[in-house]
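K.L.:
What follows is the residue order along each chain.
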Amino acid sequence: MNSRFAYRRKNWLYIPLIMAAVFYLIPLYLMLATGFKGFEEINLRTMWALPHGLHLDNFIEAYTVLSPYLLNSLNMVFPAAIISSVLGSINGYLLSKWKFKGADTIFLLILFGMFIPYQSILIPLVEFMTRIGLYGSLPGLVLTHVVYGLPITTLTFRNYYSGISNELLEAAKVDGAGMLRIYWSILLPISIPSFVVVLIWQFTQAWNDFLFAVVLTSSRSWPITVALNNMAGSQIIAWNVQMAGSLITALPTLIVYIFLGRYFLRGMMAGALKE
Amino acid sequence: MRSKKEAWLSFLLVLPTILAIGIFVYGFILWTMRVSISQWTGLLPDYTFVGFENYIYLFSTARFQIDITNTLIFTAVFMTGAIGLGFFLAVLLDQGLKGEAFFRSLFLFPMAISYIVTGVVWRWLMNPAQGDRISGFNLLFHNLGLDFLINRWHTTPGWGIAFIAIPAIWQLSGYTMALYLAGLRAIPDQLREAARVDGATEWQIMRYVILPLLKPVTLSAVIIIGHMSLKVFDLIVAVAGKQLALDVPAINMWQTTFDGYYFGVGAAIGVLLLLSVALLIIPYIIYTQKGEANQ
Amino acid sequence: MPSKKLSWLILALVLVFSMVLAACGPAATEETTTEVTTGETTGEEAVVPADYTGTVEVFSWWTGGGEAAGLEAMIAVFNTAYPNIEFVNSAVAGGAGTNARAVLATRLQASDPPDSWQGHAGQELIGTYVAAGQIEPLNFLYEQNGWLDVMPATLIPLISLDGNIYSVPVNIHRANVMWYNPTVLSDAGIDPASLTTIDAFIAALQTLRDGGMESPLAMGEQWTAMHLMETVFLATLGPDAYNGLWDGTTDWAGAEVTAAIENYATILGYVNSDASALTWQDASQLVTNGDAAFNVMGDWAEGYFKELGLSPDNGTDFGWMPVPGTQGSFQFLSDSFVLAVGAPDRDAAIAWLTTCGSREGQDAFNPVKGSIPARSDGDVSLYDTYLQSAMADWAADTIVGSLTHGVVANDSWKTLINDALGVYLTDTTAVEAFQTSLVTACQSAGPCQ
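Protein chains in written order, with numbering that gives the first Met the number 0: chain E, 0 to 274; chain Y, 0 to 294; chain X, 0 to 448.
Worth double-checking, as some hints may not be accurate.
With a cut-off of at most 20 Å between alpha-carbon atoms, the simulated SDA-like pairs for lysine to any residue come out as follows [what the hints assert, rightly or not]:
1) K9(E) x K3(Y)
2) K214(Y) x L143(Y)
3) K9(E) x G225(Y)
4) K98(E) x V21(E)
5) K4(Y) x A20(E)
6) K96(E) x I181(E)
7) K98(E) x K172(E)
8) K305(X) x T104(E)
9) K289(Y) x S161(E)
10) K98(E) x W183(E)
11) K289(Y) x I181(E)
12) K98(E) x E5(Y)
13) K214(Y) x G225(Y)
14) K97(Y) x K96(E)
15) K96(E) x K214(Y)
16) K241(Y) x S272(X)
17) K305(X) x L160(X)
18) K241(Y) x Q280(X)
19) K98(E) x Y286(Y)
20) K98(E) x A20(E)
21) K97(Y) x V21(E)
22) K241(Y) x R62(Y)
23) K241(Y) x P156(Y)
24) K96(E) x G177(E)
25) K96(E) x G98(Y)
26) K214(Y) x F87(Y)
27) K172(E) x K3(Y)
28) K305(X) x T182(X)
29) K98(E) x L11(Y)
30) K214(Y) x S217(E)
31) K172(E) x L279(Y)
32) K96(E) x T287(Y)
33) K100(E) x I285(Y)
34) K100(E) x E5(Y)
35) K96(E) x P15(Y)
Source of the hints: derived by calculation from the structure; they are not laboratory data.
Model the full structure from these sequences, guided by the hints.
P.N.:
Pasting the structure below:
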């Protein structure tokens, strides 16, 4: 009854998929291989070669250097990602479904915040953080990531919600639901794909951010990115240890991707619309 | 439809965001603008007004002209590649193939890796040496008998910056894929079924049913990739260091401000960068919003 | 429904509020109160008692490998001398301190300086921080510790302004060193000892090219091109005229500079075509791989070669010589530490600086880092073969400063030169245009009229 792709036709789709996978895997191979090499093996001439023996000490050294800062990153990233995502969801909902006069302009003005080049506002940012007493600590960094994450989270949710038919809300209003109830009971449950996308972005941005991290925190509260950058050194860079460190640092983010990926489910809207 | 009370409530709930953006964005931008029309050089603030001197100076430098050209080339290649590849991968993964979770995570993974390491690996991959010292992709092409593909990569005079878009696409197309996948998954099956029942081919369904419904996603993708493209800094420095041929405004701004302590000129670059992003993206948004209103 | 007017009113208020915020920008440094912490030392006194309790926060960019190990060794000496002072290591990595200096700039603007920070001795420090009144003169420290007797006399003027010395140099690196592959040279029949002039050098490059090595000189990305340029300038102009470039006595528009640029252009013709895609490490490795014969790079390259497992002792792994034409000149750069104006704990900072300038501190740091002590009384036995020869040269040669590494030109001037060089590298035949832009650079940010 439901027509689907004929199963036999599906298998040729693996060809482009695997070709794409190769494109993604080649640099990853280099990172892994280099991560296991000794320093003397790092040479443009032998870059493709497999390591002579597995130098696990690179990973051990990287982990030893980085692990003290892991907690800082976790304590900073989860609040930043979650708060900015939730606020973005609420903003997006209100700015698309409960537009007050001037809402569209306000949306544009919020969106504009995404465009500023962050290097040019470092000085007033530090000045402001010092004045409100949040300089040098993780809460200040969380605040910064939340505020600068609001434009993009608001954008993503607003676009997502504007694609949802108003009939849904009309039906709920007829049933007597108010603004907040509609959000909580109806919109929020079907927002999951959008939350997934937004959380992925916010988590990655906050986790990988270096500029704000190095400028706004003191050495005691450095996130892992600053420690990772420091591991490289300034003059003679040990790429093998650096690659090992990068792979370790990327693991929490990858775990988040895998975890959130389960929510890319089809049919979240099933039954919500009538044709 | 909306009660007065609810409209007020709506506004009040958005207010904290407005205030935060007001300070962190507009307050700071105004400071930057003020500095950009001053002669501040060196570590002592000097807000002496000099009009548009810094802007005029910028446009007269060869470096800034190269910045503009490079930005245009990079943006064109990066946006097309990231959005195109992301969409293509999303459509592939939406077919319900086995192993979707693995591929999805694989395509997303590059975004998780630090730019320093991404930069260095692609620096090695795109090494332009030929002949005796051939390495990187050139060596791979040679070994596969694909010698016609061997080229100078990002050291190509004039438009080498286009090649820097490749690691950028590698890093971010996973995210546009995720965006499109979420969008595709939100399209109910019934719509496609109904179209098939009416006799539409898969291509027609894609063109007339799915793509229009994905417009908001494309909007998000264009804005996100677009503004990142205009502000790109870390990746280029990691791949190619700071060199004139591959200079972009963000690198120029960093060197001018923090290496040379020309705060006035640096702020002018910042303002111009901001304006360029706004000019690129705001018309697109307004166009899309008008489309929304017409629905 | 809030009226349109009200929305706009609130918006306007927000904008006004942010404008007010913008107006109260970072305070000019003059308004900062310079709080001199009372303690055992004030002003002119430089002796901090060994049991002094406090905290010293030090900014640097020594975070990896030999640099970090050297710093740790010096911190160990510091902790032994001053066991009750806590050392806060705020090192942030980034080539030549690009990140550390940016963070430092934001902190100085917010009037929150660390106690001491690392900087390249010379105009990089003086042109930036002295001009803004952010570092203190250290003459009292030099006098009380007798450093004027152990630091070379030609060094002191290069790190001073109007008789005030502004930093304590910890190490010395040499910029005008050329590394070569002994096997490649002997195969081509070139005697390294014969390369004492630019012309001999160019002839040797041509010989190598004729013998099949297309690019006998290895170079990397743009900053290494500037490094090469300054050595060629030194070779062409000689130390006196070279020094004159930076104090205005040598004419940038003159024939000497034209000759220097032309030499540079010729030499660039022998450089590998993929230079802009290589880091300095990759370029130096070309020599040890046998893919190039020569590489002009500072003597941190020796540290790199040793980490690759090579040795300066066997005469076959790598060799070194002064850049042809610069024999008898030591083109130096130095990492040094300063005393911040308004340092949160001034006495602790002075204690740190005392260690930096002490024999024990420098002899702990330098052998590990791969550089030579600024003091002339270092323990020679602690240093390897190359470093010993460098120490001998440091004591005997004429000392000139490096451009690329911040000695002779302040950062603004150096940025202008860098921009001019970037344009020049796209077309090395445009000698006149390059020279003109160098003249302009000197007039904008240097002492030229």
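K.L.:
Next, verify each hint and record whether it holds.
P.N.:
Quick rundown of the hints versus the structure:
no. : hint              : in the structure
1   : K9(E) x K3(Y)     : violated, 54 Å
2   : K214(Y) x L143(Y) : violated, 40 Å
3   : K9(E) x G225(Y)   : violated, 34 Å
4   : K98(E) x V21(E)   : violated, 46 Å
5   : K4(Y) x A20(E)    : violated, 53 Å
6   : K96(E) x I181(E)  : holds, 11 Å
7   : K98(E) x K172(E)  : holds, 16 Å
8   : K305(X) x T104(E) : violated, 62 Å
9   : K289(Y) x S161(E) : holds, 13 Å
10  : K98(E) x W183(E)  : holds, 18 Å
11  : K289(Y) x I181(E) : violated, 26 Å
12  : K98(E) x E5(Y)    : holds, 10 Å
13  : K214(Y) x G225(Y) : holds, 16 Å
14  : K97(Y) x K96(E)   : violated, 38 Å
15  : K96(E) x K214(Y)  : holds, 18 Å
16  : K241(Y) x S272(X) : holds, 17 Å
17  : K305(X) x L160(X) : violated, 38 Å
18  : K241(Y) x Q280(X) : holds, 16 Å
19  : K98(E) x Y286(Y)  : holds, 18 Å
20  : K98(E) x A20(E)   : violated, 43 Å
21  : K97(Y) x V21(E)   : holds, 18 Å
22  : K241(Y) x R62(Y)  : holds, 12 Å
23  : K241(Y) x P156(Y) : holds, 16 Å
24  : K96(E) x G177(E)  : holds, 12 Å
25  : K96(E) x G98(Y)   : violated, 38 Å
26  : K214(Y) x F87(Y)  : holds, 15 Å
27  : K172(E) x K3(Y)   : holds, 15 Å
28  : K305(X) x T182(X) : holds, 18 Å
29  : K98(E) x L11(Y)   : holds, 12 Å
30  : K214(Y) x S217(E) : violated, 43 Å
31  : K172(E) x L279(Y) : violated, 39 Å
32  : K96(E) x T287(Y)  : holds, 16 Å
33  : K100(E) x I285(Y) : holds, 17 Å
34  : K100(E) x E5(Y)   : holds, 12 Å
35  : K96(E) x P15(Y)   : holds, 19 Å
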